[in-house]
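Protein sequences appear in the order of chains A and B. Numbering-wise (our numbering), the first sequence opens with residue 1 and increments by one. Numbering-wise (our numbering), the second sequence opens with residue 278 and increments by one.
One thing to keep in mind: the hints can contain errors.
[Stated by the list, open to error] 27 Å max Cα-Cα, derived DSSO-like pairs, lysine-lysine:
id, chain 1, residue 1, chain 2, residue 2
1, B, K521, A, K187
2, B, K382, B, K521
3, A, K38, A, K265
4, A, K86, B, K368
5, B, K531, B, K328
6, B, K427, A, K86
7, A, K187, A, K93
8, B, K423, B, K562
9, B, K531, B, K334
10, A, K187, A, K34
11, B, K521, A, K232
12, A, K232, B, K514
13, B, K400, A, K232
14, B, K514, A, K86
15, A, K93, B, K521
16, B, K328, A, K93
17, B, K368, B, K427
18, A, K187, B, K423
19, A, K187, B, K368
20, A, K86, B, K328
Hints in this document: simulated from the structure, not taken from any laboratory.
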Amino acid sequence: MVSHKSHAPTKPKRGVPEGLWKRCPGCQATIFRKEAEKRLGVCPECDYHWYVSARQRVEQLLDEGTFEEWDAQLEPTDPLGFADRKPYHERLKSEQSRTGLREAAVTGTGMIRARRVAFGVTDSAFIMGSMGSVVGEKLTRLIERATEQNLPLIIISGSGGGARMHEGILSLMQMAKVSAALARYDKAGGLFISVLTNPTMGGVAASFASLGDVVFAEPKALIGFAGPRTIKATIRIELPKGFQTSEFLLEHGFIDRIVRRSDLKSEIARTIDYCGK
Amino acid sequence: MAGIIHRLAFERPIFELEARLEKLESSADSVVDAHDEIRRLRVELSRLKRKIYSELKPWETVQVARHPDRPMTTDYLELAFEEFVELHGDKAFSDDRAIRTGFAKLDQYKVMVIGHQKGKTLKERNACYFGCAHPEGYRKALSKMKLAAKYRIPVICLIDTPGAYPGIGAEERGQAQMIANNLFEMSRLPTPIICVVIGEGGSGGALGIGVGDRVAILEHAYYSVISPEGCAGILWKSGAYAEKAAEALKLTSKDLYRLGVVDDVIEEPLGGAHRDPHLMASRLKMYLLQQLRQLVDRPTDALLEARYQKFRAMGVFLEGGVPDGQPGETTTNDAAVTPSSDARR
Ligand SMILES: [Zn+2]
């Protein structure tokens, strides 16, 4: 991880460790960092569920010391020689050093209340948590191993980016690849619990994140296919309040339960028990 | 095609030469000398078309793919298929005109056609949302594919969309969910699926009917993770960089073939499909028949295993510092892309 800043940040940036205080994006209150961490990154004032990193997710959800990472050696490359205002290969390096991650997904196995699971999480701080070849491959391998080992599968999605533009069409194909692996897992009788967190958009929402046997979402997460700005530019009217939130999706029948972060672990364990896995 | 002729900027030399030729032809009836000149100009014209169309820049390819006179699903249904029995129902919400589905006959084969439709007239375009489907369109497509699979009728998907529709209703009715469902079910649909990108292959909206045993593309169509304008808006902070984005995204048929994402590129008539829809339709038909012959008798298990492995192999990454690739391949990025196993025969 990069070094800590010594002063209180005025505007928290995702993926960057902050000082002692943190401003809540939900209510703008300044919150003591330790207090927020103790509450799993949930604002004590307004219940806003803050960003938490992939590593923090592992700590929050898996029994202590049980996580064994898979495919950590996979690294992104630059298959298109892509450059926007910055070459992709440089962007990858800076994202890696900024987040301490090799890629946007962390996968592996561990225990949830003593039940062994296959576990994946995408970190929305790494190029918006978008899915390129590595995220697609890691998730596919995770699903294939869950199928072979007959493990329940838990994937926590956080992706504002959907399919990663910098790897072009290859990113789009990851949607098909991961979904195909899930279809085989389904046929084998697997249990997939998909947990949607803020934000889950685009190609991630339009593939594995929506394919859970049971779909949970954290409160007030932004979830959808098209980005709100794209929609606004297309239809040229104001979007309704609460549009594309977890609550909106629950109301329209696309998720099963809204689960507060503090309840996530027990809700997952309970669902596994109900399905006899 | 009557009325306005749509002129793409880079085609100007073609139109100028055509105008000269036309003038000469109409005035030269009696002048023997002009015949040689006319012949010369005709040769020159086809040379010019070939040159311009073989050197299209990615952004120009996008323009051709979006050409208003470019043949659409309904044109191919008329020109390449003997009959089309449209089936409208998604059995849940409404009939999405941006995706047409139904039984069709292709020579001796009975098939299910699923195709995006952008619309010919302004009225039809509005009814089709310019080819941008809603969740009910994807749901309808899946229900017809399942119907086809029940009787092992092959499915033919004609892809031509700027993208799935971005709107309030589309989100309320589960755009992401419906596309995801299609990817999931198409990967294991127990009947042959042949997908052809005939115009625009816009992102998830294209992929939503794009998982198959064969994925082909017409020469001047494109297929991309995001529209060049959308990409430019996000990464360059301005849609004005669409041309740059089109280059960076590697969205042309040549690039897609090199990346192993499409199995075949179907050659277009000289100067693009819009110059000769009949010829284009007959080439498409030939391609489809060729693939059907290979696929129809393949046992379902083998079919689905090959389909799985085809998409399974897509993606490029490093593993322990070396590029992933099929054994025996070299380690450049290009070679590390693994083309589908059985498609290059
Ligand atoms: Zn707050």
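Verification of the supplied hints:
Under the criterion of a C-alpha separation no larger than 27 Å, the hint pairing K521(B) with K187(A) is inconsistent with the structure, at around 43 Å. Of the supplied pair hints, the one linking K382(B) and K521(B) is violated, its CA atoms being roughly 42 Å apart against a limit of 27 Å. As the CA atoms of K38(A) and K265(A) are separated by approximately 15 Å, the hinted pair is consistent with the 27 Å bound. Taking the CA atoms of K86(A) and K368(B), the gap is about 48 Å. The hint is violated against a cut of 27 Å.
Between K531(B) and K328(B), the direct Cα distance comes to roughly 16 Å. Compliance with the 27 Å bound is thereby established for this hinted pair. For the suggested pair K427(B) and K86(A), the alpha carbons sit about 50 Å apart, so the restraint of at most 27 Å is broken. The hinted pair formed by K187(A) and K93(A) fails the criterion: a straight-line CA distance of about 39 Å is larger than 27 Å. Restraint check for K423(B) and K562(B): the C-alpha separation of about 23 Å stays at or below 27 Å, so the hint holds.
Between K531(B) and K334(B) the alpha-carbon distance is near 11 Å, which keeps this suggested pair within the 27 Å criterion. The hinted pair formed by K187(A) and K34(A) fails the criterion: a straight-line CA distance of about 44 Å is larger than 27 Å. Between K521(B) and K232(A) the CA atoms are separated by roughly 25 Å; this keeps the pair inside 27 Å, and the hint holds. Distance hint between K232(A) and K514(B) is fulfilled; the C-alpha atoms sit about 17 Å from each other, no more than 27 Å.
Between K400(B) and K232(A) the alpha-carbon distance is near 23 Å, which keeps this suggested pair within the 27 Å criterion. Distance hint between K514(B) and K86(A) is fulfilled; the C-alpha atoms sit about 13 Å from each other, no more than 27 Å. Our distance criterion of 27 Å between C-alpha atoms is met by K93(A) and K521(B), whose separation comes to about 23 Å. A threshold of 27 Å between alpha carbons decides the hint, and for K328(B) with K93(A) the separation of about 41 Å lies outside it, so the pair is violated.
Between K368(B) and K427(B) the alpha-carbon distance is near 17 Å, which keeps this suggested pair within the 27 Å criterion. Between K187(A) and K423(B), the direct Cα distance comes to roughly 16 Å. Compliance with the 27 Å bound is thereby established for this hinted pair. With a CA separation close to 25 Å, the supplied pair K187(A) and K368(B) stays within the 27 Å bound. As the CA atoms of K86(A) and K328(B) are separated by approximately 33 Å, the hinted pair breaks the 27 Å bound.
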